[in-house]
Amino acid sequence: MEVEKLVYGIYPKTNELRLHIGRWEKGRLPDAALNSEIESEKKLFYQMLNENGVEYTDPLFNWYDILRPICLITDGIDLGPLSRFKETNSFYRMPLINSIEGITMDPVDFSPLNENPPLPLYLHDGKYFNAFLPSPLSFYKMSKSTMNYVHFEAAIEKIYSEILKQFGARKAVLYDPIPYGENDVLDLSALSEFQIRLVTTGKLYSGNIKGKLHSIVADYTPENFIISKKNSVVPGVKLIDGYSTKMENVDAIDKSVYSLDADKIVVSHREYFDFLPRIIADRKLELISRIGE
Amino acid sequence: MTQYLISQEIGSFRKPKYLSTVFHKIYGTDEYYKLSEKATEETIELFRHAGLDNIGVGGEMFRWEMYEHQANRINGIEFYGPVRSFDNRYYKKGSIVEDLSIKESFHSDELEYLLSRDYSNIKIPVTGPYTMMDWSFNEHYKDRYETAMAFASLLNGEMKSLKELWDSKYPGRKLEIQLDEPATTTHPDEMQIVVDSLNKSVEGIQNCEFTIHVCYSTDYRMLYDVMNDIKIEGLNLEFANRDSLEPGTSDASRPGYEELKYFQQLNTRKKFIGLGVTDVHIDYIEPVKLIKDRINYVLDIMPPDLVRVNPDCGLRTRSVETGYEKLKNMDTARKEILKDL
Numbered sequence: 001m002e003v004e005k006l007v008y009g010i011y012p013k014t015n016e017l018r019l020h021i022g023r024w025e026k027g028r029l030p031d032a033a034l035n036s037e038i039e040s041e042k043k044l045f046y047q048m049l050n051e052n053g054v055e056y057t058d059p060l061f062n063w064y065d066i067l068r069p070i071c072l073i074t075d076g077i078d079l080g081p082l083s084r085f086k087e088t089n090s091f092y093r094m095p096l097i098n099s100i101e102g103i104t105m106d107p108v109d110f111s112p113l114n115e116n117p118p119l120p121l122y123l124h125d126g127k128y129f130n131a132f133l134p135s136p137l138s139f140y141k142m143s144k145s146t147m148n149y150v151h152f153e154a155a156i157e158k159i160y161s162e163i164l165k166q167f168g169a170r171k172a173v174l175y176d177p178i179p180y181g182e183n184d185v186l187d188l189s190a191l192s193e194f195q196i197r198l199v200t201t202g203k204l205y206s207g208n209i210k211g212k213l214h215s216i217v218a219d220y221t222p223e224n225f226i227i228s229k230k231n232s233v234v235p236g237v238k239l240i241d242g243y244s245t246k247m248e249n250v251d252a253i254d255k256s257v258y259s260l261d262a263d264k265i266v267v268s269h270r271e272y273f274d275f276l277p278r279i280i281a282d283r284k285l286e287l288i289s290r291i292g293e
Numbered sequence: 001m002t003q004y005l006i007s008q009e010i011g012s013f014r015k016p017k018y019l020s021t022v023f024h025k026i027y028g029t030d031e032y033y034k035l036s037e038k039a040t041e042e043t044i045e046l047f048r049h050a051g052l053d054n055i056g057v058g059g060e061m062f063r064w065e066m067y068e069h070q071a072n073r074i075n076g077i078e079f080y081g082p083v084r085s086f087d088n089r090y091y092k093k094g095s096i097v098e099d100l101s102i103k104e105s106f107h108s109d110e111l112e113y114l115l116s117r118d119y120s121n122i123k124i125p126v127t128g129p130y131t132m133m134d135w136s137f138n139e140h141y142k143d144r145y146e147t148a149m150a151f152a153s154l155l156n157g158e159m160k161s162l163k164e165l166w167d168s169k170y171p172g173r174k175l176e177i178q179l180d181e182p183a184t185t186t187h188p189d190e191m192q193i194v195v196d197s198l199n200k201s202v203e204g205i206q207n208c209e210f211t212i213h214v215c216y217s218t219d220y221r222m223l224y225d226v227m228n229d230i231k232i233e234g235l236n237l238e239f240a241n242r243d244s245l246e247p248g249t250s251d252a253s254r255p256g257y258e259e260l261k262y263f264q265q266l267n268t269r270k271k272f273i274g275l276g277v278t279d280v281h282i283d284y285i286e287p288v289k290l291i292k293d294r295i296n297y298v299l300d301i302m303p304p305d306l307v308r309v310n311p312d313c314g315l316r317t318r319s320v321e322t323g324y325e326k327l328k329n330m331d332t333a334r335k336e337i338l339k340d341l
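Going line by line, the protein sequences match chains A and B. Our numbering numbers the first residue of the first sequence as 1 and each following residue consecutively. Our numbering numbers the first residue of the second sequence as 1 and each following residue consecutively.
Just so you know, these hints were derived from the structure itself, not from any lab. Glycine included, each C-beta is placed from N, C-alpha and C at the ideal position. Please note that a few of the clues may not be correct.
Where chain A lies over chain B, by a calculated footprint (3+ residues, C-beta under 8 Å) [as the list claims (entries may be wrong)]:
id	segment
1	80-86
2	89-99
3	181-189
4	216-222
Using the sequences and the accompanying hints, generate a full structural model.
Take a look at the structure:
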């Protein structure tokens, strides 16, 4: 069996970067200087994962939450009240969606933003790089919108497509932090020209995902795995806990992985690592790199 | 005589630089106590100037952060590093690695100081058992219920100690304790843990006014559904963050407060609401007129003896000047309304 390892989403920052951002927030560090610090840290992160052959997204050190930069560069979405991110002690600004007209800023080049560290959206580098985007379904559920879901989905996927093309990105991780309802349908056919790894949360129902994606990475249950296999080229499972400081055992994970019926499999983590102290996230990252070795 | 529209703060206030810049270096030393006391005194003076009836503990100058302050004083918790709460704000989230026990009292030093200065119009914020559980990593206890109840036992002991201290100065007088429980409604299927752990925390403590503070909940109705089962007298909640900045007293103008109709329908035990009337996460100073509209809208739903006014949450994220202006406008607004009541 071939094992592909995937790390996605916001990764905890080093103390040094936190201090730089603190100085930037107080106006003591210019945008360009902060951008350069963020870029250096991203490069170190990529280097570590490239050496270990792990698929990764940008660690999003310059994203205050997983929706905000997309909102800030999209015409028709405003930032709303501070809201709790799921069941955590972390917060995000709830998007207020009126219409989606297009991108107002170049996501590729350096550019200051209000209420968020500066662009670019990503540092596109390395053969294992994936762009990160919030899945339209969770984006919608975490927002207040005057648009209906079908219109929103079509419009935001057009924006996503434009972003990916501007970055020349071939691969993207779309993340769904909010569990699916039985009647939810995610249709990513507008992004079919890209290799999409969809990371989901909770129970999947058979009609939730329309069409076949490169990979659906789901919380492991036999039922979820069947759906993941049916709708993916490469099925995926989340086996490392992003909410616990307790370290998993790599042998136990290997045992679980090799007990699954697949030629190739994606192994990833539950929730992105920004909910862990950096030192624990680093240990879990190291553990992920050893899976299937 | 019944007092209407009592004004109070919620907890934290911006620390002066002479304290914030050295806090961690001097924590627990004589210098820490000297500077914390000085900052408390100055903040109380500012609260009085702004017109507050209840001065809390003077802005929580003895504490760095609501979870960390208590967790630092408990055995069985290990810290691996900070975890982000929003933007570039972090808190030290601990991991429970063995049975919990008290290392040292959480707030006795603070209360001793306030009593030594003869302050009696105080309200002590104590981080509640459910939030302590929810904000910790658990590597030790069987489940979340057991973890919350372990924290509840510790808090029960702590609050009994605080009450003893209070009684030594003001025997027979009620002590106000606010259980800070921002995590309360984050797991809808765990409301019974919230109820049981809060009740365990206050068990056997007489002559105290217990309240809870909750903020940034996605749905307060979950809390309202169980509030009659919790042994508390009031709920100090955030509302302004979810409200419009436009003036008016119609439902459309006051979307942040409309849910209080549901609260009042269920409020058979006459619990009071500490009404968040100013947003602590924006620098905009809400005008007196807007705050009056917010209070008046609620006074159409509930009687004035069941309404207190406060900021949404602690004002520590705002500058001293902005915090003061917000409190001042809050006080002016409620005084203007009181004239007409």
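Hint by hint, here is what the structure shows:
Evaluation of the coverage hint for the segment 80-86 of chain B: fulfilled, as 7 residues show C-beta separations to chain A shorter than 8 Å, against a requirement of three. Evaluation of the coverage hint for the segment 89-99 of chain B: fulfilled, as 4 residues show C-beta separations to chain A shorter than 8 Å, against a requirement of three. Given a C-beta distance limit of less than 8 Å, the hint that chain A covers the segment 181-189 of chain B holds, as 4 residues qualify and 3 suffice. For the segment 216-222 of chain B, the stated coverage by chain A is satisfied: 3 residues place a CB nearer than 8 Å to a CB of that chain, which reaches the threshold of 3.
Checked against the numbered hints given earlier, the structure satisfies every one of them.
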